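Protein chains in written order, with the working numbering: chain Y, 5 to 129; chain V, 5 to 129; chain X, 234 to 428; chain B, 234 to 428.
No lab work stands behind these hints: they were computed from the structure.
Keep in mind it's a predicted model, so treat the numbers as computed, not measured.
There's no promise every hint is true.
Here are the simulated BS3-like pairs of lysine-lysine, each with C-alpha atoms no more than 25 Å apart in a straight line [to be verified]:
hint	chain 1	residue 1	chain 2	residue 2
1	V	88	X	392
2	V	110	Y	118
3	Y	118	X	265
4	V	87	X	326
5	B	255	Y	124
6	B	347	Y	124
7	X	299	V	87
8	X	265	Y	31
9	B	256	V	31
10	X	392	Y	118
11	Y	87	B	347
12	Y	126	Y	88
13	Y	126	V	118
14	Y	31	X	387
15	Y	110	X	265
16	Y	124	B	387
17	B	387	V	31
18	X	255	V	124
19	X	347	V	126
20	X	326	V	126
21	V	110	B	265
22	X	255	X	265
23	B	326	Y	126
24	B	326	Y	87
25	X	392	Y	110
26	B	235	B	265
27	V	124	X	326
28	V	124	Y	124
29	Y	6	X	265
30	V	31	B	255
31	X	392	Y	31
32	Y	126	V	110
33	V	118	Y	124
34	Y	124	X	392
35	X	235	X	299
36	X	326	Y	31
37	X	347	V	87
38	X	347	V	88
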Amino acid sequence: MKYGILIVSHVPEIAVGVPRLLRQVAKDVAITSAGGTDENEIGTSLEKIQQAIDQNAGTEILAFYDLGSARMNLEMAAELATKKLRIYDVALIEGAYVAASLLQAKVELPTIEKQLAPLKIKNQD
Amino acid sequence: MKYGILIVSHVPEIAVGVPRLLRQVAKDVAITSAGGTDENEIGTSLEKIQQAIDQNAGTEILAFYDLGSARMNLEMAAELATKKLRIYDVALIEGAYVAASLLQAKVELPTIEKQLAPLKIKNQD
Amino acid sequence: MKLTLEKYLNWINEFSQQVIAKKDYLSDLDSKIGDGDHGNNLARGVTAVQQMLTAKQPQDLTAALKLTAMALISKVGGAAGPLYGTAFLEMAKTSSRTTELAELLTSATAGLQKRGQAKAGDKTMVDVWLPVVAALKNGGLTSAVIKKAVVSTKPLEAKRGRASYLGERSIGHLDPGAVSSGYLFEALLTAEDEK
Amino acid sequence: MKLTLEKYLNWINEFSQQVIAKKDYLSDLDSKIGDGDHGNNLARGVTAVQQMLTAKQPQDLTAALKLTAMALISKVGGAAGPLYGTAFLEMAKTSSRTTELAELLTSATAGLQKRGQAKAGDKTMVDVWLPVVAALKNGGLTSAVIKKAVVSTKPLEAKRGRASYLGERSIGHLDPGAVSSGYLFEALLTAEDEK
Ligand SMILES: Nc1ncnc2c1ncn2[C@@H]1O[C@H](COP(=O)(O)OP(=O)(O)O)[C@@H](O)[C@H]1O
Ligand SMILES: Nc1ncnc2c1ncn2[C@@H]1O[C@H](COP(=O)(O)OP(=O)(O)O)[C@@H](O)[C@H]1O
Ligand SMILES: [Mg+2]
Ligand SMILES: [Mg+2]
Ligand SMILES: [Mg+2]
Ligand SMILES: [Mg+2]
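So here's chain Y without its partners, still in its complex pose (with noise of 0.2 Å):
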């Protein structure tokens, strides 16, 4: 499979529940998820991060955060990984939910990707 999501929440339920909403949706796209830090915390953990990239079965990851220190670390763990990630700087849950149905309907990226750019809301300027 070509593109897969990726969901990093500072909040473990949240990365959860996000990849229930799109799988219903979304049967088909590769959707992984880290959430909180690695004792579950609110927070980050790049760890965690890696693990979702690697587990996912796409090849290029779209990926979508809530907070910016989660875009930072998100940030690093691109640096770090072989596949290709794409930051998507929108609404978390609105903006993971319009790729994911779009991906199952086979829609082409840059398509996708302008659907989602009324749904930019972070790191303007």
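Here the structure of chain Y is known, so what remains is to put chains V, X and B with the ligands in place on it, guided by the hints.
Just chains V, X and B with the ligands now, kept in the frame of chain Y:
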């Protein structure tokens, strides 16, 4: 307490996780949530929403939701409730996070709404 | 046509049977452009409606419509819950003023549109309710009118509901809520015929 | 000044002690304009750094810097992890070319800014790193320079990190990452004095 925050999601885990994220920055703000159907499947439940409104210590509720059908159930709940509900068509996690941080900092509602405005990504046109 | 309690109960029974018979088909339609639960949602809803009506034995049309609305609102779990629920609730309200079917369904459609903000052509159940109401007002609701309305959703691009996330990819599929609304109005015709 | 392995170990030990001593204060600062974990995050980080350095006994500066970076990146859990981690990683990279402290910290600051996209005046740790590097280049890093940089974050409105969500309400509070960075550079001065 005047304002409380209500999170409505299609997924029970998201409804547990988002308040965890918010409470970390807003320990004095009333936050309740409703997630999933009565059977804890993906969907929303008017009854769960009504309970979350009743249990919220706020007398006026700022409500955040994930997908459109959650908004419709929120509206029904608003019509049936005695408390005033304000429904925000913003990114769920990010919008609720901003509102919670600002309520904790005792910022006035008009200012909060101004900061929420750029996060509006739903129910357009 | 005036709606009576008896006619209404026949109508809603017929609709319930249809929904249960077509449950998998409706969910299949929904899996193409949504989350694949519309049939299951509605089947849960109409089952609750039947239980409610049997348990409460409503003595007038208004009570029966209101019970239907409440059962749908609390049991469907998807967008169809507040949508159909609001439609029946508006019919209940209007039924204390008039029992003229065209008027009841006019209120219902207005409620639907207020709840979901969908306009004609947005590829939703509204695309069935609007032409049905128009036909009723002209005294000419037929199976052909209903079928045409349902099929009209196929080439449309969804602007409301989950299917709208698919943008152009929603084109070429029937809207599941339009199909179930088609069953509702076919059930009305069947119930009338039986009388 | 050239950085040596020995000087570096003294420096990082001194910093670790300071962070652990000021853990609660740092978290209190963070609870005003963030999520209240900066002290706990960094304390976890420097504890891991100490364990790593003791376990691995690095034989050169580059290895020591790299181990520090890795421990911070994997154990901090908040924004400070990738930020301090990237800073030390950039120092490690540059240290194979030069051990001139001003150059190492120039690379570190560039890494910080690349990672976090913060500019001068955004009320972040960058507001301490930039003037410290400038002072070092002029051979004049003093405690006064550091304190002034840390205090300069107080009147600023945060533009990056969690504090930025507070908008104007972030004004009037010290930035916790700036304060911890202040400890880092005070520790450098202390380590130099001891030598
Ligand atoms: N905003 C809306 N306005 C009108 N009808 C809508 C709207 N959103 C969804 N629908 C209708 O609801 C149907 C889907 O119902 P269902 O599958 O039960 O809900 P969900 O999408 O929450 O799973 C759609 O096919 C459409 O006809
Ligand atoms: N984008 C950024 N660029 C530079 N520094 C940042 C950025 N985001 C946060 N910081 C720094 O990190 C500090 C907060 O660290 P910490 O509390 O560990 O992270 P978190 O906010 O994830 O809980 C802030 O005080 C600020 O100095
Ligand atoms: Mg559905
Ligand atoms: Mg559904
Ligand atoms: Mg913090
Ligand atoms: Mg944190």
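Hints, verified against the model:
1. V:88 - X:392: violated (29 Å)
2. V:110 - Y:118: violated (38 Å)
3. Y:118 - X:265: It holds: about 22 Å lies between the C-alpha atoms, which stays within 25 Å.
4. V:87 - X:326: holds (23 Å)
5. B:255 - Y:124: Roughly 38 Å between the alpha carbons, so the hint for residue 255 of chain B and residue 124 of chain Y is violated.
6. B:347 - Y:124: Cα-Cα ~20 Å, so holds.
7. X:299 - V:87: holds (23 Å)
8. X:265 - Y:31: holds (12 Å)
9. B:256 - V:31: Holds, at about 20 Å.
10. X:392 - Y:118: Distance ~16 Å between residue 392 of chain X and residue 118 of chain Y Cα, so the pair holds.
11. Y:87 - B:347: Holds, at about 21 Å.
12. Y:126 - Y:88: holds (21 Å)
13. Y:126 - V:118: holds (16 Å)
14. Y:31 - X:387: Within the cut-off at roughly 23 Å; holds.
15. Y:110 - X:265: holds (12 Å)
16. Y:124 - B:387: violated (30 Å)
17. B:387 - V:31: Judged against 25 Å, a Cα distance of about 23 Å means the pair holds.
18. X:255 - V:124: With Cα atoms ~38 Å apart, residue 255 of chain X and residue 124 of chain V exceed 25 Å; violated.
19. X:347 - V:126: holds (16 Å)
20. X:326 - V:126: With Cα atoms ~30 Å apart, residue 326 of chain X and residue 126 of chain V exceed 25 Å; violated.
21. V:110 - B:265: holds (12 Å)
22. X:255 - X:265: Given pair residue 255 of chain X, residue 265 of chain X holds - Cα atoms ~16 Å apart, limit 25 Å.
23. B:326 - Y:126: violated (30 Å)
24. B:326 - Y:87: holds (23 Å)
25. X:392 - Y:110: Holds. Residue 392 of chain X to residue 110 of chain Y sits at ~20 Å (cutoff 25 Å).
26. B:235 - B:265: It is violated: about 38 Å lies between the C-alpha atoms, which goes past 25 Å.
27. V:124 - X:326: violated (34 Å)
28. V:124 - Y:124: holds (10 Å)
29. Y:6 - X:265: Holds, at roughly 21 Å.
30. V:31 - B:255: Holds, because 23 Å separates the two Cα atoms, which is no more than 25 Å.
31. X:392 - Y:31: This hinted pair holds, its Cα atoms lying about 23 Å apart.
32. Y:126 - V:110: holds (24 Å)
33. V:118 - Y:124: holds (18 Å)
34. Y:124 - X:392: holds (20 Å)
35. X:235 - X:299: holds (18 Å)
36. X:326 - Y:31: violated (42 Å)
37. X:347 - V:87: Measuring from Cα to Cα gives roughly 21 Å; hence the hint holds.
38. X:347 - V:88: The given pair, whose Cα atoms are some 19 Å apart, holds under the 25 Å limit.
Hint compliance for this structure: hints 1, 2, 5, 16, 18, 20, 23, 26, 27 and 36 are not met, and every other hint is.
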